[in-house]
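Trainee: Modelling step: build the complete structure from the supplied sequences, incorporating the hints.
Top to bottom, those sequences are chains A and B.
Numbering-wise, the first sequence is residues 958 to 1284 according to our numbering.
Numbering-wise, the second sequence is residues 20 to 134 according to our numbering.
If you are wondering where the hints come from, they were derived from the structure by calculation, not from laboratory data.
These numbers were taken from a predicted model, which means no experiment stands behind them.
Check before you lean on any hint, since a few could be wrong.
Which residues of chain B face chain A? A partial, calculated answer using Cβ under 10 angstroms [unchecked claim]: (1) Lys57; (2) Asn58; (3) Glu67; (4) Ala68; (5) Tyr72; (6) Arg77; (7) Ala93; (8) Pro95.
If you anchor each label on the Cβ, the simulated ranges turn out as follows [what the hints assert, rightly or not]: (9) B:Leu61 with A:Glu1118: 58 to 64 angstroms; (10) B:Lys94 with A:Ser1041: 47 to 53 angstroms; (11) B:Asn22 with A:Ser1269: 49 to 55 angstroms; (12) A:Ser1065 with B:Ser27: 16 to 22 angstroms; (13) A:Asn1027 with B:Ile64: 16 to 22 angstroms; (14) A:Ala1023 with B:Lys113: 27 to 33 angstroms; (15) B:Ile26 with A:Ile1135: 49 to 55 angstroms; (16) A:Glu1118 with B:Arg34: 39 to 45 angstroms.
Mimicking SDA-like on lysine to any residue, the simulated pairs with C-alpha atoms at most 20 angstroms apart in a straight line are [what the hints assert, rightly or not]: (17) B:Lys57 with A:Arg997; (18) B:Lys94 with A:Leu1002; (19) A:Lys984 with B:Lys94; (20) B:Lys94 with A:Gln999; (21) A:Lys984 with B:Val85; (22) A:Lys984 with B:Pro49; (23) A:Lys984 with B:Asn54; (24) B:Lys94 with A:Glu980; (25) B:Lys113 with B:Gly82; (26) B:Lys94 with A:Arg965; (27) A:Lys984 with B:Leu74; (28) B:Lys57 with A:Ile990; (29) B:Lys94 with A:Gly1000; (30) B:Lys94 with A:Val1001; (31) B:Lys94 with A:Thr988.
Note that CB positions come from ideal geometry on N, CA and C, so glycine has one too.
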Amino acid sequence: MKNDMIERYVYAVTKKLPSSMREDVSKELNTLISDMLEERCQGVLPTDKDIRVVLTELGTTSELAAQYNNNNGKNCLIGEPYYSSYKTVLKIVLLAAGFGTGLASVLSVFAGDMVPWYEAAFKCIGMVWMGVVFGFAFVTFLFAFFYHKDIALGITENLDELPEVPKKKAAVSKGESIAGIVVCVVFVLLFLIVPQFMGVYFGDGKESIPIFNVDTIRRTWFVVVALGVLGIVGEVVKLIDMCISKRVVITTVIVNVASLFLSYFWLIQSNLFNPEFIEYTVSEKMLVDVMPYMPKFVFGIVVLALVFDTISTFVRMEKGEPRRQGE
Amino acid sequence: MNNDEIISGMILELRRGTLILLVLSQLQKPMYGYNLVKNLQLKEIPIEANTLYPLMRRLESQGLLVSQWETSGAKPRKYYAITETGQMVFEKVKEYWNTFSDNVNELLEGPENEE
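Mentor: Next comes the structure, spelled out in structure tokens:
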């Protein structure tokens, strides 16, 4: 129906407009369409085709409504100058939220009852996702609000506070990174495939006593893999950047903290050390004073190593001097 | 972006920049929207109704134009006319345009740009 199409068109356009405008725009459009048809048809009754041509010329209902809706040029959710700040803040918040909830969920998994690894993984992923989504929604809403209400951001620049130009960045040799990756791979393979190799060997055909509780290692294989993956990721980033960049530092920190928590769980919470081995050392009076505290002792060493690595990475970045020449 | 797109983009910006000035210049006496469209098209200023109508509505909300519905004819028609504020704004911008376009033309025809 010809008339129906025009009616529907005008309705579709005005539907997208604020109610205050609707009646006025509707009258305006009806007259305009009628004028355009008159011009096109010169007194002859407009056909279906004529109507279609005119309506097409006017543009789609969305386009036309958009033209009318251009409210003070604030058509987007977040425009400049807010958008740049929004992006910066969003990056920080998403990283923090993702990392924070990741850590929290990992800890909660370990603190609770042991569940199959896939259940734990799903739980962690779910929590991280929720944390990230919430962070995103919060920051987006906040900045959209600021933008549309013209709330000043208060970001003034002070010439005296401009950051220093970074000195020549500390180079990281390929060899260093590759060695690191090899160590991680060896670590993973060793623990996953032949954990029993690490132990005390006796000369005359007596069975060796593995240092670690093989069962525990089998059960906690995902920790081994996770530690290995973390290490490899850290080294790969170093390899890509070829210097101690901000990205390398951030990755190193994240990897080290995550490794810390994983090591805690692995060394302290689970039965990592073979009770036989512990007995053996007691009976042989080796390191007797240390033995009961073996897990904590090893964990302490791990903590020191991780802390040292993190600090040294920072220092290398600050100094900006190559410790070793890049290749 | 290929060259044709760049060219049409620049041309579009030029047209956009001068459109409001032109609209104000034609509304010294009350005029019906569609007539304004036709007038401008006759004077080789390409403009569509779906751009002009929302634009005039916006100018009215800014106080540069004032509108009135004519209901005496067969169909209701909205007439727009320039306001005092609009006139003042128009004259200021027109003054600027005269100087500006002279400068532009001078630069474009300068010795370095002779073809």
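Trainee: Can you give the numbers of the hints that this structure goes against, from lowest to highest?
Mentor: 2 and 12
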